[in-house]
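Residue strings, one per chain:
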Amino acid sequence: MTEMNYAEALVDGLYISMDSDPRVSLIGRYVLGLSPLRFLMERVRDAFEDRILDPPVSEAGIASLGVGAAMAGARPFVDIATASFVFEAWPQVVNEAANAYHMSGGQFTVPVVFHMLHGLRGGGSAQHSHSPQAMLWNCPGLEIVLPSSPRDVKGLIRTAVKSNNPTIFIDHSKLFTLKGDVPEGDYEIPFGQAEIKREGGDVTVVATSLLVQKALEAANALSKEGIEVEVVDPRTIVPLDKEAILRSVAKTGRLVVVDECNLSCGVASEIAAIVAEHAFGSLKAPILRVARPDVPVPFSAPLEEYITPTTEKITAAVRRGLG
Amino acid sequence: MKEELNRDKALSIFERMLVMRRFEEMVVRLFEEKHFYSHYHLYIGQEATGGAVIEVLGRDDLTLTTHRNHGHVVGRGADLGKALAEIMGRADGFCGGRGGTLHLTDRSSGFLSTSAVVGNCIGLATGAAYALKQAGKGNVSVAFFGDAALEEGVAFESMNIAALWSLPILYICENNSPGAGGWGSFTSSVIAAKKLTDIPESLGIMSHQVDGTDAKAVYGAVEEAMARLREGEGPVFIEAITVRWPGSVPLWPELIPGATDMTMAWDETRITGEHAGWIRNHDPVLRFARDLIADTVLTQAEVLAIDKRVNERLETARSFAIASPLPKPESAIEGVFA
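Heads up: the protein sequence lines correspond to chains A and B, in order.
Take the position in the first sequence, starting the count at 1, then add 5; the result is the number in this note's numbering.
Take the position in the second sequence, starting the count at 1, then add 501; the result is the number in this note's numbering.
The hints are simulated quantities; they were obtained by calculation from the structure and are not laboratory data.
Among these hints, one or two may not hold up.
As the list claims (entries may be wrong) - Which bits of chain A does chain B cover? Going by a derived footprint, with three or more residues having C-beta under 8 angstroms, they are:
id, stretch
1, 43 to 53
2, 191 to 203
Said to hold, decoys possible - Subject to a maximum C-alpha distance of 30 angstroms in a straight line, what follows is the list of computed DSS-like cross-link-like pairs (lysine-lysine):
id, chain 1, residue 1, chain 2, residue 2
3, A, K202, A, K167
4, A, K318, B, K535
5, A, K184, B, K535
Built from N, CA and C at the ideal position, the CB exists for glycine as well.
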């Protein structure tokens, strides 16, 4: 184990992916966004210069290139950068990548990864702050990965690059400086395998991405009051480890789902529906969702803060769930 | 049809340019004082383009801009205090603090939605041109965008439509790539066409290249374009080429090489340091001041007097913006539907 931050672990996973498979290309300029940490990528750029393309501002172009190249035998890792820009590539991602395997009767696979940075990042305003994972979840055929820790991001990126399906790999730039223990060398974390990030018997909190860390903060605060929260991190929402979520709810009888998507039709909504459908008998209280209100993201700091799912809002929801 | 740039218009353009310059310098100051915290983009180095284009516009012509919008908005006469307040996310900003620097807009000054998605304003402005054509009053829509916008598919699709349907739209492509940095900074556009104007020309759109730091040259090109546009003869594309201001080379703007010293327009000895070349050869504000003095439109003293007046307006705007309250947090969920 080595301690490193999330951004270093991401770069490490990408480096190993490119080093171990010459079919892997990186199409995209930064991967780590515009943060000062983007220079961590120099290591990858120096080693694999001939397989790195700095594209024009042409999301539709690079996404279709990625899909076409994947169908023809390459394994492109396409960096969409800010997740809001995936809308510029929407036809290629949701109508080409997601459908090709199925509508060809399985004649070929589409092993492309679309990487993007989602979420509220401070002043991103309406057009740079989307969390499109729920919209993408509504498009069968896409695997969707939402890492929450340095160890997970490295292991999941390995699985994403090796997957034969189109994979949406969604990071949150506010996780980049998070430190944690990361295994050295190559390892994979399988898709569809949730991790119980913290055990507890009173309330289940299901969260993804940055909000796993917020849920853990809330759980630690509540523990001091004698409330034990179980934090379940699905790590991938497609495929989704429903059993792990249902097992935890069977134990606690209470569920709070935390999500950075908008409230309506969000990731939290789907998880709540699954639990209501399959574990109604275990529930001692209504399921609660902590998500963004249904409003475009406002610029001004106090407005953005008001709509942000925070540790305090998770704490309050857990208390409310306990009655 | 082409009109000469007369004294009044030259003075008006100069003042617009100076307002843009001092406004942006104030934005940097407010950022450094932590009055706002988001990523932002400055118009410094491109003032001659915006100033001259806007001078030609009539009240009912429409403008659409991009993430690099501050210069266009304040250059067209939008209230400086409300513009600063918006950039700072204050309640008295043009968008009530909801838009910020990326989406700054003022409908009363002739702007529609400011998209910060590269290339999108080209499509939106083409739509505005369609509405103006329908209204039949001879008004024109203007899209301001950078050279990288031509890397997006929407640029091609929209220009093709505008050409097919003879829409009254003026595409102002502000090519600020010369002088850009490499990987790790804001890079230049990457377009395979030898000349950017080859792209619209392939669609039959009348296209011109012009020195974007030369207010007179831009004015001349736009005057000519406007006559054609108002006659309903279809779109025009102007590529205005500027050399990137050194402060916009890093990912976060920096006030290098310092706030503008207007005396540099006539006192070469004051131009020193690493960025002397840009200041001497590529600063459009100093260049126009120099030209106006040479043409005896202005004296050195008058240049300094105009600058003083602009700076005073900006101090007033700054006080207004700082005094403006932040919006009430619970109002975050308002304003979704009309």
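Okay, the hints, checked on the actual structure:
1. 43 to 53: holds (count 3)
2. 191 to 203: violated (count 0)
3. A:K202 / A:K167: 25 angstroms, holds
4. A:K318 / B:K535: 27 angstroms, holds
5. A:K184 / B:K535: 28 angstroms, holds
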